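Asker: Each chain, letter by letter, is given below.
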Amino acid sequence: MTELNATAVRGGPRLDLAGVSKVYEDGTEALAEVGFGVGDGELVAIVGPSGCGKSTLLRIAAGLDEPTSGTVRSTADRIGYVFQDAALLPWRSVRANVELLMELRGTPRAERRERAGRALDLVGLTAFARHRPGALSGGMRMRVSLARTLADEPDALLLDEPFGALDEITRAGLGDELAALLAARPRPAVLVTHSVAEAVFLASTVLVMSARPGRVVARVEIPFPGPRERSLRSTPEFAEVVADVTGHLYRGMAEAA
Amino acid sequence: MPLDDGGTNARDTADAPSRAADTTLSRSADASPRERSTARRRDRFRVRGWLPPLVVLVLAIGAWYGVSDWLLSPERRFLLPPPDAVVRVGFLDGENRAELLAALGRTAEVAGIGLLLATVIGVGLAVLMGQARWIERSLYPYAVVLQTVPVLALVPLLGFWFGFGMASRVLVCVLVAIFPVIANTLFGLRSTDGTLEDVFRLARAGRIRRLLKLRLPAAVPAMVTGLRVSAGLSVVGAVVGDYFYQQGQPGLGILINVYRARLESERMFAAVLLASLLGLVVFWFFGLLAHWAARRHGTDGDRG
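Heads up: the protein sequence lines correspond to chains B and L, in order.
If you read the first sequence in numbering that gives the first Met the number 0, its first letter stands for residue 0, the second for the next number, and so on.
If you read the second sequence in numbering that gives the first Met the number 0, its first letter stands for residue 0, the second for the next number, and so on.
There may be inaccurate statements among the hints.
Stated by the list, open to error - Derived CB-CB ranges, DEER-like:
no. : chain 1 : residue 1 : chain 2 : residue 2 : range
1   : B       : Gly-105   : L       : Phe-186   : 30 to 36 Å
2   : B       : Glu-110   : L       : Trp-291   : 29 to 35 Å
3   : B       : Gly-246   : L       : Phe-186   : 46 to 52 Å
What the hints assert, rightly or not - A partial selection of chain B residues facing chain L, derived with a Cβ cut-off under 8 Å:
no. : residue
4   : Leu-63
5   : Phe-82
6   : Ala-86
7   : Pro-89
8   : Leu-103
Bear in mind the hints are in silico, worked out from the structure with no lab data behind them.
Being a predicted model, the structure only gives us computed values, none of them experimental.
Note that the Cβ used here is the ideal one computed from N, Cα and C, for glycine as well.
Please build the complete structure, drawing on both the sequences and the hints.
Answerer: Written as structure tokens, this is what we have:
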């Protein structure tokens, strides 16, 4: 379903989904007519109750799943996908894990080394390059996963609750890192999360989805200019936007019930 | 029991780096007392692990003496000669020892070649079956049949076709030992994490790359487990093969049969002991190999 077209000529890569529906073979309706677009340097966050098809939507955007109907248009050649769990190869060192995607794409060894080194530096794990993933904490493993995706230099970034399994503090720290990384090298990004605060802090646009079948019930533009500082999280304006999004979320859940 | 204990220890030491990494991160201050207590616990564990089976061994030898010296009258003692007689006649007599060791060498050789072939063919078949469900569905039932057909029933047939020498002995080993390799490798190949498969798909990795960089390495621990079972079976196969295919130089199976016929029970017991020992050594060796593989594989520590 992923089509390449010539829009790359006008500006950077884009990702557009239109009228995407997904009905499983057993008749379960997971997604109903979902559409959104992400341009270069934008981050669309998707929040919604669990089971609303957020992950399915992201998989469809990446081409890992086929929509039952609707279209996915992407001008991104390389899609970086960060999964809910770190999904590292336990028998490889941290460095070799970070090199994996480049290795699969046939990047020459010297360049692999260099890019992996930079990515590890970015996520602050250079000292652990020779460790096995089994020796790292959950948060560190997630950072390795992030480094693996970044080292591949993707044109678009899809993040499926990447910090979902982590504690609040680690999670905020990684959120800050992600914001800085995206500011340093803009590209279209989609973040699925169940934390409204995380969504508001990181996104340019937040989409609120209803429970199954997942539909977009609200689209909230986030007014804060980037790059955002950590202190933003404790301002009243931030709290107001979070409350607004949360209100939409609850209304969406009430409608479905 | 001692083997299990070795396992616990190996796992302990494999855990150590992960623990060390954690402590450097969070609280390096209390790292040393914690490690010291772990070391002490490990020492106590080692003694506790080795002592009980040792006690059982002593008791068993005692019972053996009891039966042959007190229970059996001297003229019936050949049914169970006392341990010292077995050692004296079987192992301390130079000529007997040479004969036994040569036979042991040949049996080990047959078992080794058989296991090697079973591993190569078994892994190959499993990889083939792992490529597509329809291949698995076509071949797997026959692998199961191989496991369920009593190999003893095939023994005369194999002798007919391949002669009553080395080739048939090795073939019996392969037939007996191949199934665990196939079944475990296939299980290992199938058990790769779905998310990792997605990671490879997104990087547009082809079939071969996925096999070499994801599925085969992921299957290694299961493969080694299969190998451990197969190695034991392969020794059984070699002794059974000896027993029936008596052409050429004798292996332990032939010697056991010959000594039995001659009522040379001390030598027979020595041969039986050697065959059992071979099985134990093989089992122990592959146990070590399994732990080594798990450590290299990185699946030994906490994956949380």
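Asker: Does each hint hold? Answer for all of them.
Answerer: Verification of the hints:
For the pair B/Gly-105 and L/Phe-186, the supplied restraint of 30 to 36 Å holds, since their beta-carbon distance comes to about 31 Å. Taking 29 to 35 Å as the suggested C-beta distance range, the pair B/Glu-110 and L/Trp-291 conforms, at roughly 34 Å. Distance hint for B/Gly-246 and L/Phe-186: a CB-CB separation of about 50 Å, consistent with the stated range 46 to 52 Å. Restraint check, B/Leu-63 versus chain L: the minimum CB separation of about 6 Å is within 8 Å; hint holds.
For B/Phe-82, the interface hint holds, since its Cβ comes within 8 Å of a Cβ in chain L; the closest pair sits about 5 Å apart. The closest approach between the C-beta of B/Ala-86 and any C-beta of chain L is roughly 4 Å, which is under the 8 Å cut-off, so the hint is satisfied. For B/Pro-89, the shortest C-beta to C-beta distance to chain L is roughly 4 Å, which falls under 8 Å, so the interface hint holds. About 4 Å separates the beta-carbon of B/Leu-103 from the nearest beta-carbon of chain L, less than 8 Å, and the hint is met.
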